[in-house]
Structure formats: C-alpha cells, structure tokens
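Fit chain B to the known structure of chain A by using the hints.
Line by line, the protein sequences give chains A and B. Under numbering that gives the first Met the number 0, the letters of the first sequence match residues 0 to 321, in that order. Under numbering that gives the first Met the number 0, the letters of the second sequence match residues 0 to 522, in that order.
Source of the hints: derived by calculation from the structure; they are not laboratory data. For glycine and all other residues, C-beta sits at the position ideal for the given N, C-alpha and C. Hints should not be assumed to be uniformly reliable.
Beta-carbon label-pair distances, calculated as ranges [claimed, not checked]: (1) A/Phe145 - B/Asp482: 46 to 52 Å; (2) B/Ser347 - A/Pro59: 52 to 58 Å; (3) A/Pro59 - B/Glu139: 36 to 42 Å; (4) B/Gln382 - A/Val14: 41 to 47 Å.
Only some residues are given here: those of chain A computed to face chain B with a beta carbon under 10 Å [said to hold, decoys possible]: (5) Pro30; (6) Arg35; (7) Leu38; (8) Leu153; (9) Phe165; (10) Gln251; (11) Val252; (12) Tyr261; (13) Ile266.
Among the chain B residues that face chain A by a calculated CB cut under 8 Å, a handful are [said to hold, decoys possible]: (14) Asp47; (15) Thr197; (16) Tyr232; (17) Thr235; (18) Thr238; (19) Gln239; (20) Ala243; (21) Glu245; (22) Asn246.
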Amino acid sequence: MRNYILKRLVMTVFVVISAAFLIFTIMYFIPGDPARLLLGTEATVEQIEAKREAMGLNDPYLIRLGRYLYDAFIKFDLGDSWYTGVPVITELSNRLPRTVFLGCMCVIVSVVVALPLGITAAVHHNKWQDRACMVLAMACVSMPDFWLALMMVLVFSLHLGLLPSFGIESWQCYILPVIAGSLQGIGQLARQTRSSMLDVYRSDYVTTARAKGVAEKKVIYQHMLPNALIPVITIIGGQFGRCVAGTIVIEQVFSMPGIGSYLSTAINSRDYPILQGSIIVMAIFVALVMLAVDLVYAYVDPRIKAQYVAQSKRRRRVKQNG
Amino acid sequence: MKKALLKPLAFACAFAMTFAPATGVMAEEAESVQRDVINVGINADLGDLSPWGALNTGKTATAQNLYQPMAHVNDDGEIVGVLMKDYEVSEDGSYMDCHLYDYIYDSEGNHLTASDVVFSFNTCSEFGNIGGIGFVESSEAIDDYTVRFHFADQLYVYDIETLFEELPIVTQAAYEASPDGMASQPVSTSPYKVSEYTAGYILTLEKRDDYWQTDESLIHERDKANVDTINFYILTESTQMSLALENGSIDMSWSVSADDIERFEESGDFWLFESPDDLCNELFLNCAEGHSTTDVNLRKAIYYAVNSEAILQGVYKGKAILNYDTAAAKAPDFQEAWATEDNYYQYSPEKAQEYLETWGGDPGSLNLQILASNEETTSNIAQMIQGFLGQIGITSEIRIADSANFNTIAYDSEQWDVLVTNKATSNYCVTNWKNCFSKDYFTWGGTINFAYDDELQELVSTARTESTHNEETVSAVHEYIVDNAYGYGLVNLVNNYVIPSYITDVVCSYKGAVMPGACTYTE
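Isolated chain A, as found in the complex (with noise of 0.2 Å):
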C-alpha cells in the first residue's frame, strides 16, 4: 500500500506539471493583449509596448514556458498579479481556505440529504416514496445554482430577515450559499445512491440475509450500503474535486472572497500569473482528493485491498527468484 501511495505521489507531480504546461501554452495562445488591458484605451503605443517588456510578454514561447515552469517548481514562486501587484501565493493562501470550507460544507450537506433519499427511494422502489425522491433529486439538479440563490436570499433574507444576504462575517453567512451550492451534489448523489442500491438489492448475499431472518434495516445499512458505496465514492470525491473551482457562482452571488471571484476576475483581465498559479493549486487539490478517494475504496471494500496486497507479494516473490 505504501509503494502504491508512493506511486500515485509521483503521478500527482507529472499531473499537475502536465496540467501547467497545458494551462500555460493555452493562455499564450488566447487573444488580447494584458499590457493593453492593464493601461485602458489611453495608454500609447510607446507606453503598451514598455509595459509589454516588463511583463515580459515579447520573450519567445519557449523561454517564458521555461521561466514560468523554474519559477513554479523550483522556486515555488507562482508570481505575482499584474494587476495588484500582490504575490499569487499570498491571496490563494487567504481565499483557498474559504473556498475549501465552503465546498466540504455543500459535500457534507449534499452527503447528508442525498445517501438517506437515495436509500429511501431504493427500498421503496417503484413505490410512491420512490418517486417523491426522484421528483426531488430532479429538482436539485433542474435549477440553475444562481438562481435558487438568488431566490433564497429574496425569502430568506429581504422578505423574512432571518439571514444575511451576503459576506462572511459569521457562521450565518454560511447557510444560504452552502443550501444553493449543494443542490445539484444532492440530486446527483442521490439518483446514483437509488442506482447502486437496486443494483445490490438483488445480490444472492441479501437474499440469504433476509432468509436467515437479519433484520431490514441491519440488511440495509451493513449489507447492502457498503456494497453499493464504491461508485457513490467516485461521486463524492469528484464533488470535493470540484469544490475548489466549482463555486465560482455562489461566490459571486453571496460576494465571498474565495478562489472562483479570484479566478473569475483573472479571466476576464488576462492576469496570467493567478491563472496559472491557481490552476496548479487546483490541480495539486484534485489530484490529491483522486488519490485519497483511491485509497477511501480500499478501506470499504477488503477485496480492493487484497488486491494490492496480493500483486505486492507477487512482485516481492518474482524479485526474490529472480
């Protein structure tokens, strides 16, 4: 299992290089000129093209992508902003805590409401509870995030008063954009939760448990769950994955200062070093969680173990021979 950790570590660095190579030569090649951007439409020409200079924008390809790759990997330095000037490290190290949070909180949320609807709808299948849950999961997946966030703080906050409509100065600003960000996580998870377990439902092993007489609810939950929780993991982990780049809209509805404004704002202004760096950040998160999510399947399902096990004894035994 460790060499397998080992393995999967040294991936993660020809991942997320790959991943900044790839994001690097994408923004060479997307029209519009940052030094014109970052001066407005009364810079002049002699102005622009100083700019340029400094930016370092008229080196050849090759040797902005080797810059850019040393700086990166050797010297951890993800540069600085050309608009603020300010270290890209430094304001990923403020936003990303926030955006982290605020993504396990719609995970856990979406984890929480999806398993128990999915499991309900299963059990009951083809019953009215079944379709009441699937009508649900429906919805959280038909409405767009920023509208329902919108909603929600026309009710909740303006006409109701019971929570504040934007920020993050406290543990209430929280609620509305993790319930509008977890919604399409609730009905995804929960639509495949109902998909796993019918597919186990049927399994010769829960018939016996049944014919043995174990109770339903042990049948369910010690039975049938574990069994039907590897592809709901998957689902999971590419929920955290995503955690980290997919609130650009809540943040920019609720005004919380995290990862997807900063991106969203780099976009629109060609700041290249905060795209860059923060796709490298991503990649690092995502590749991580693909990993931790790897290793997740093992501890549910002993035979993924076994598995590794057994290849590692196997290879132990061919060098020992041989």
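Structure of chain B alone, referenced to chain A:
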C-alpha cells in the same frame, strides 16, 4: 514668470451636489451630525490598495478616500489645493512650481516634504499605470516645500489638472517601510485610514483623529470626515446590490443597474439622482481603404438611419442621455448649441435614402461587419443597429468579442466595418477627440476609424493646446467630425445614485464616485 494663484478656499466653489429628491422623504433643515457608520456598496473589487497600481472600477470608487492628491479640481474646472498651497507655471510653459504646506503628516507621523512628492511622481511613472502624467518629463525638489515639474512638451488642456488629481502622494519613508508597497495597508495623509481589508469583500476606513489639516477653512469639501467608519462592501452581482439596499445591509450605492432603479423610486427610505457618466456609447465606421464606408455619403446615410432615441429607450429604458458628439455632455467645453443644431444625424430614413442615392452604390450589395463587445448594452445596441441598417436595405453581421479581445480586434482594420463601442470623456471634449482621432495614439498613424486626415489632426491639436483651446477651435473640431461623419455619439450613460434619506448633501470625487465621509448626514 506667469503666476497662477489658487483662489482662497473661503470663496472656493467645492464640488458638492445637492439634489432635491425625485421621490422619498428628505429631512428638511435638519441639523447635520457626525455619523458612526455608513455602509456603501461598490460593484468591483479593488484588487489592492497600493497608490500607483493598475486602475479599475473598484479603485476609482475608493481611491480618493485612501490617498490625497496635490489638489482637487472642481466641477467648474477650478483648482483647489489640498497638499499644496498654490502653483505657478513659468512664462515659457516649460515647468511648474508647486508650494506645499509645511505641516503635512501621514497617519504614521511621517512629515511630507517636496522630496516625497518627487518620489511619488517618479515611482508612479515607473509603474506606468497612470498615463495622463506622461507630459511631465521630470520633477525635482527645489526646497523642502517646493516641487518643480518639468514638462516634456507643450501643455495641453487638462494636463495640469490631471497631474494634480490623479497622482496620489505618499511619503517615501512610509512606502519603503511597507513590505508590499502598501497593497494591503496604505499609509497616507488622507483623513481616513484603512482598518480592515479583505480582497473581494470589504474595505473599512476609520476616521483619523490626527488629520494634519486642522484649519477647517482649508479643508476641501471632499476631504471632510463626517463619518467615523466607512465600510465599502464589494457586491459584483447587480441583483445582490439592490437586495442589499432593500434589506439594509448597505446604505447607499451608485452602482445600481437601470433595471433595478425603479424599485427605489417610490421608496421613502431613499432618494435618487442621476449623474452623467464619463462613458458614451459610440458608433464609428471604418475609413480604411477597401471598405465601402470610406465614402462620407454612405457614412452619413448609415448615421441618419440609426435612431439613437430608440436605443435610449430600448436598451437603457430612458435611463441615459442622448448625446450630440463623441464626447460626453458633462465636459466643460461641450457646447450647448450642439444639442440643437440641425446636422447631428437626427433619425431620418428619408435623409438616409438621399445620402444613399448620393453615394450611388447598391445597398443590397453590402454586407457590413458590426463589431461590439460582449457587454449586454453594446451587444443590444449592435442588434438594433443591424435592424436599422436592414431598414435601408443594408445587410450586416454582428461579431461579438469579449472585452479582453475587443480592443485587439478593433485595432485591426480588416475585422470590422461598423464599430459599436464605449469611449470615455474623463475631462474635456478635446481629450476624448485625442483618444479617438489623434494619430499619435495609434500604431498605424490613423485614428479609431482608420481615417488619415491631416486637417483633422491639425484641428484636434490646435483645440487641445492650452493656449489655443477656446470655443472657436473646439467648435471647429466638432463641426469637422460631424461634416465628415467620423463618429456618432449615441447615448451618454448615467450613474444611478441611491442615497439614504438622511443624507442631505452628496459630495462626489472628480470621477463621480461618492465620497461618503464628505456627505452631510442628519442622523
């Protein structure tokens, strides 16, 4: 040496707007009070708080609360000193001396002298983010409280005012002591200092108890501190801005969209006013070789076919102002007669047809490319223009470019025939014309519409020059642009200010942003 003295502040006409509310209740004759807290909504992030960083909408909304310039320029063009007592321009116009007060201290107790002004100018020039001060070649400290600015070229209109208003001044000691160039913690001579800043969320300013200017008669209206704490909340979502006003999370905003302003018109808690913005929607036609629109008669036909009144109603719901030049009507050298003259392209399909016949070509053979940015208003205007062109038999296609690419494409003469854009008039009409029609500012030696017209260059240069800027020269440029159909100013945008009823006087910066600390409060 020509002496230019500042009028005593006792007689200075500060830029203070007092509006009777269109609706709502305003306290009558109530006594003004010192307010504890005011919450303001702005629609863009500042990014950073450094004095000479890149400008953006968020900084424009807050910068003059953070840093002080040499002087303020009132709405009537009068220069009123802030850090300086007076200034003198030399007889030959090659340099200017500014005399500072000798008791200026920043919030860290650093004494501000002439060398700090020189440092501020030099550092600002190195950053290169404030282009308007490029006319100054160098600066030097003549003595502790006299700064001399040497000009690179002849003085153009508003050059000096730009230097005075747009150059934030800080002490060298404070700047060099800052670990991040004051990006997060400014130190300035302003009556307010930053107590909290969370990028993308909030900027909080607290009133200083040790503000250096203790003579009340010398404090400009914009530098008053009638509030103890100012919170600028950054709300980029326009609907959220309106909701925050309604639920009391913020008290005022000048970034409310035209769609939402109606919600406040009947509210007793607010009063509204509109103020013309620097920005105008404009229409330019490509005069580069090979384009049909090089013909002045075709250009006039197109301009007469466009109904700017319909654009005003359709795109802005009437919440804007019809314009009569490419420059904004708020400019001091904008002439009222332009609004009533006969030849400014008032919508007339008949005249359009006449000019088409004079042109002599077949409108049906044309397929014009309309370029607009992806902003909702300009893309809507492009669609309306497509309809207007269709009415006179001209086919067109719309190309929408995102804001980052728009200028790159607009500066390529092969990419468009009709350009729908916004141009600002930050001060005088002549500055707008310089930015549109002066070939010195474009790589191809042409203008925004790729016209090579030496007479236009001469007229713009004459009107811009400080010594020859007068009604005749300004009018000459306007008439030449109109006669040659080089540009069509469609609509002047307005800022919608939503002000709480307990504010009786609103004071704005020279960029039109409310100075919350300077307003007059009755509760």
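To see whether the hints hold, each was checked on the structure:
no., hint, verdict
1, A/Phe145 - B/Asp482: 46 to 52 Å, "49 Å, holds"
2, B/Ser347 - A/Pro59: 52 to 58 Å, "55 Å, holds"
3, A/Pro59 - B/Glu139: 36 to 42 Å, "40 Å, holds"
4, B/Gln382 - A/Val14: 41 to 47 Å, "44 Å, holds"
5, Pro30, "5 Å, holds"
6, Arg35, "6 Å, holds"
7, Leu38, "6 Å, holds"
8, Leu153, "7 Å, holds"
9, Phe165, "6 Å, holds"
10, Gln251, "6 Å, holds"
11, Val252, "5 Å, holds"
12, Tyr261, "7 Å, holds"
13, Ile266, "8 Å, holds"
14, Asp47, "4 Å, holds"
15, Thr197, "6 Å, holds"
16, Tyr232, "7 Å, holds"
17, Thr235, "6 Å, holds"
18, Thr238, "6 Å, holds"
19, Gln239, "6 Å, holds"
20, Ala243, "6 Å, holds"
21, Glu245, "6 Å, holds"
22, Asn246, "5 Å, holds"
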